[in-house]
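These protein sequence lines map, in sequence, to chains C and L.
Read in order, the letters of the first sequence are residues 1217 to 1838 in the numbering used here.
Read in order, the letters of the second sequence are residues 75 to 378 in the numbering used here.
These are calculated hints, taken from the structure and not from any lab test.
A portion of the hints provided could be inaccurate.
As the list claims (entries may be wrong) - Computed, partial: chain C to chain L, Cβ under 8 angstroms:
#: 1; residue: 1235
#: 2; residue: 1236
#: 3; residue: 1440
#: 4; residue: 1800
#: 5; residue: 1826
Claimed, not checked - Partner residues aside, some chain C positions facing chain L, computed with beta carbon under 7 angstroms:
#: 6; residue: 1311
#: 7; residue: 1313
#: 8; residue: 1315
#: 9; residue: 1318
#: 10; residue: 1701
#: 11; residue: 1732
#: 12; residue: 1734
#: 13; residue: 1801
#: 14; residue: 1803
#: 15; residue: 1806
#: 16; residue: 1813
#: 17; residue: 1820
#: 18; residue: 1830
Said to hold, decoys possible - Pairwise CB distance ranges, derived in the manner of DEER restraints:
#: 19; chain 1: C; residue 1: 1323; chain 2: L; residue 2: 168; range: 55 to 63 angstroms
#: 20; chain 1: L; residue 1: 92; chain 2: C; residue 2: 1446; range: 46 to 54 angstroms
#: 21; chain 1: C; residue 1: 1541; chain 2: L; residue 2: 376; range: 33 to 41 angstroms
#: 22; chain 1: L; residue 1: 86; chain 2: C; residue 2: 1312; range: 56 to 64 angstroms
#: 23; chain 1: C; residue 1: 1446; chain 2: L; residue 2: 105; range: 55 to 63 angstroms
#: 24; chain 1: C; residue 1: 1243; chain 2: L; residue 2: 222; range: 46 to 54 angstroms
#: 25; chain 1: C; residue 1: 1227; chain 2: L; residue 2: 363; range: 57 to 65 angstroms
#: 26; chain 1: L; residue 1: 233; chain 2: C; residue 2: 1542; range: 41 to 49 angstroms
#: 27; chain 1: C; residue 1: 1542; chain 2: L; residue 2: 86; range: 26 to 34 angstroms
None of these values were measured; they are calculated from a predicted model.
Even for Gly, the Cβ is constructed at its ideal location relative to N, Cα and C.
For reference, the chains in residue letters:
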Amino acid sequence: MTRRARLLVAAALGLAVTLLLSLGHRRVGYVRDEGIYFVASRSHAAWAARLLQTPAEALAAPARDRAFAVNREHPALMKIAAGVSARLLAEPGPAPAAGQERAEAGLLPLMPEGAAMRLPAQLLAGLAVALLFLAGAGLAGPPAPRDRKRAPAPKDRQHVPEASPGPGQGPVPEASPGPSPLLAGLCAALWFIALPHVWFHAGLHAFDVPVAAATLAVVLIYRRALGDRRWALALGPALGVAISIKHNALFIPVLLALHYGLCLLLARRRPTAGQWLPLPFLAMAVLAPLTVVALWPWLWSDPLGRLLEYVEFHRFHAYYNTEFLGINYNRPPLPASYPLVLTWATVPSGALLLALLGLALGLRRDLRPAPVSKDSPSEHVSKDSPSGHAPKASPFEHAPRASPRWSAPLAGRDRRDGLLWALFAAFPLALIALPTIPIFGGTKHWLTAYPFLALAAASAWVALARAVRRAHGRWRHAPALVLALVLVPGLWSTIDGHPYGLSQYAPLLGGPRGAADLGLLRGFWGHAVPPALLDPTRPGAPIYLHDLHELARLQYQREGRWSPGSAPSPLGRARSALLFHERHMRTHELQIWSAQGTVAPAEVLTLDDVPLTSWYGAPGPR
Amino acid sequence: MTPRQASAALLVLAAVAAVEWVCAARAYRAQLGPDAWARAADALAALPPDETVFLGTPWLGPSARQHLPALRPWSSVAPPDLHGLPRFHVLGLASAARAGAWSTELEADLGELPAPSLLGAKDLGPLRLYHYEQPSAGTLLSDWLAEPDALRLRDDRGPCRLSSGTWSCKQGRVTLNTLEVSYRPRRCLAIDLDDGRTLEISRPRTALGTVLRGHLGFADFNARLRNDAPALLELLVDEVPVGRWTLTDSQGWAAFAAPTTPGTHDVRLRLTTLLGGSWTEQGYGPQPRRSACLELRALSEAHR
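Hey, can you work out the whole structure from these sequences and the hints?
Quick look at the structure:
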């Protein structure tokens, strides 16, 4: 597969994912948090427009602060992008009733305003899929040759990196073709995106999948940066962009430093002077903060004070309620098993096994200290290599081997990808498992681990494919078949769960019914709105919204999807009432029974029989 | 990795994935269509009207109540326990993990009663109706919630006035309501009382059997988080104390019982909830309130 072909497939996959998300998520209701993000996005984008028209006014501190004070607990980048997207692509809302807002038409009105605001996050999900495809395909063989150009022939085999056969495996006969880069790439890409919880979050105007995509991008850049000055310089701004998406990215440099330190330690030789002060880390230390400040105008006044306020908000985050194995948790600690069990419960086990195998093989290879060759002090020799001289180079290695220097601190050295992925796969889960972490609930808080589990899965698949190919001709197609077998349950789960993927669970658990039996949470964002409620021609009546956030409802209203008569109302005065089923919401259900005078909902929204939302007192179906 | 190891790993992965395909085919489809509910409704309508039907798959509650009128009465939705029910029925998913669709909720409501006998089951497609018998359940003689007019309430400062199902007292308020206790609905006297005050609930000339059984719990989950103060409960029959309990919210729907002599007696119950407010970072305050949820029944039970 040529490099161009890989790029084309990656781009096609990324675009397909973005397109499917953009169209498919119009059936996904607006989640609670999106309501305030929509408001903030409009405010930020209005400021951006003003910046173009009257820069001096827009740049004045009062105007800046007015525009960026709203929802300042998250950086502004995604919201600016969403607001700009709406100004470009939003369809106008219908003529509003008195006192109501309507969506304004964008320059090229193509989609509802909410869908337009979700688009930047969806593009980042597409980017993650494209990057995973490229990285996964890169695992399957030597670097793809540039089209019409031959790869430079090594003059001295001992000093030129070869594509490693992958973690934990031996040599491959040169004549035999390697595992399919296409399948390896698809393995990584689909492992990630074809998970119901990833798919659900990937389409929202939220930050969880965007920061996962950005983390992946930063880590891939870091890998290059260890051997290439240009990538080292790019690492700082890239990290700044990631931090400007969500605070999860603040942990990236710590993990990268840990990885880098372990690489130096396991190399078993004294680091050079340049390696003590490497350019990639200097770039992160200097350029990332500048990028963050540049992309978040709220910080332009009193940056330190506002930064501290931001950190404090997340350090002392309010506790949410979350149901886990039939128990409602609302103060720490959550059981340490919480992220592990929920990961198993929402990721199909075959895919999870493949990823764990990849992590194990990678760690087995990468945690072994490098033996020092007496003949060649600047190189280490792999024990795995039957020839005794093949260096343990990464499959991504492109540049001719060189000595480490400050601008390329691991040039010519093993970059220990298995260790890198293991760190980034394990850390988000370990963090949530800590007893002092505020209770957030839900899988979205460790989605940043999943791209690295996907890469581990792809590396395991490549290792398996290489190993069986050496032995049995009749097993030749087994890896491809097994890959399809392993990936389909996730895809199936995602399709079945849409548009309520937040409530979807893995097949071995029994899907949503099995999760309900076990007492796992069904949702927490008030988005599963009965479709009939979003029919604006339905005769409206005052309605109790329960967990449907008023700002999310306003977004429906702006787009003409909310019946004007269905005004939000306190329970005592409402003619009908919504109830989003969560364990700790039981009190609200009983209050609705009392207010509506019935325990029988008129409509129940279900996923595979499991009630997600009840609508009491609803008018009958039209 | 050797080829042999790789082949073994691929086989394991294929086996796990194959099981997942089978599980996915079972899990990722709705089982309960209108026909299934209609069939269940017909089966429940044919049951004796005085026999309670419980839902053995609690998470199906909203859909079940939507489609099945037999699952809407308070006795079905918010029962105190399984005492006084010599025969009852349980509807559950046919695929329920536990035999007889016996849920943890029913297990909790069983209390110290022996396990009921399963008389039979009726296959209703994806649902199944199980018929149970509990000879030890006893007979219900009177239920304080069923006859609120027969109750006399007073606080430390005098009698309470009943109007539209609510007793207004000088130091509190009592209503007949359904409250959440341990995340389950419970039908009870919902009692909001000033801190440190005592409420007396009397029922003169009550037909008693062999035992008075009741429950006390606290609503709701949010208030329980912020207030762990115990409540004192005293039960008197003909002005003779027959039971005294100190109960806390960590006991959930706490059961209490006192043996009685069959016949007509005056029954009085004194409840001191101590504190009804909340502790927060700002200290103790009267809001939000934690409500006590109380029920009491007289039963005639054979000695076990």
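Status of the hints after comparison with the structure:
1. 1235: Interface hint status for residue 1235 of chain C: violated (24 angstroms vs cutoff 8 angstroms).
2. 1236: Where the cut-off is 8 angstroms and the nearest Cβ of chain L is about 19 angstroms from residue 1236 of chain C, the hint is violated.
3. 1440: 27 angstroms, violated
4. 1800: With a minimum Cβ separation of about 6 angstroms from chain L (threshold 8 angstroms), the hint on residue 1800 of chain C holds.
5. 1826: 6 angstroms, holds
6. 1311: This hint is violated: residue 1311 of chain C lies away from chain L, its Cβ roughly 37 angstroms from the closest one there, beyond 7 angstroms.
7. 1313: Nearest chain L Cβ about 32 angstroms off; hint violated.
8. 1315: It is violated, given that the least Cβ distance between residue 1315 of chain C and chain L is near 33 angstroms, above 7 angstroms.
9. 1318: 35 angstroms, violated
10. 1701: 4 angstroms, holds
11. 1732: Since the shortest Cβ distance to chain L is 4 angstroms, the answer is holds.
12. 1734: Not OK, violated: residue 1734 of chain C not within 7 angstroms of chain L, min 10 angstroms.
13. 1801: 9 angstroms, violated
14. 1803: OK, holds: residue 1803 of chain C within 7 angstroms of chain L, min 4 angstroms.
15. 1806: Given a least distance of 5 angstroms, the restraint on residue 1806 of chain C holds.
16. 1813: Status violated, d = 12 angstroms.
17. 1820: 5 angstroms, holds
18. 1830: 4 angstroms, holds
19. C/1323 - L/168: 55 to 63 angstroms: 57 angstroms, holds
20. L/92 - C/1446: 46 to 54 angstroms: 47 angstroms, holds
21. C/1541 - L/376: 33 to 41 angstroms: 38 angstroms, holds
22. L/86 - C/1312: 56 to 64 angstroms: The hint (56 to 64 angstroms, Cβ to Cβ) holds, given that residue 86 of chain L and residue 1312 of chain C are roughly 60 angstroms apart.
23. C/1446 - L/105: 55 to 63 angstroms: Holds - the Cβ-Cβ distance for residue 1446 of chain C and residue 105 of chain L, about 58 angstroms, lies within 55 to 63 angstroms.
24. C/1243 - L/222: 46 to 54 angstroms: For residue 222 of chain L against residue 1243 of chain C, whose Cβ atoms are near 48 angstroms apart, the range 46 to 54 angstroms holds.
25. C/1227 - L/363: 57 to 65 angstroms: This hint holds: roughly 60 angstroms between Cβ atoms.
26. L/233 - C/1542: 41 to 49 angstroms: Because 43 angstroms falls inside the window, the suggested range holds.
27. C/1542 - L/86: 26 to 34 angstroms: 31 angstroms, holds
Of the hints listed earlier, those the structure fails to meet are numbers 1, 2, 3, 6, 7, 8, 9, 12, 13 and 16, in rising order.
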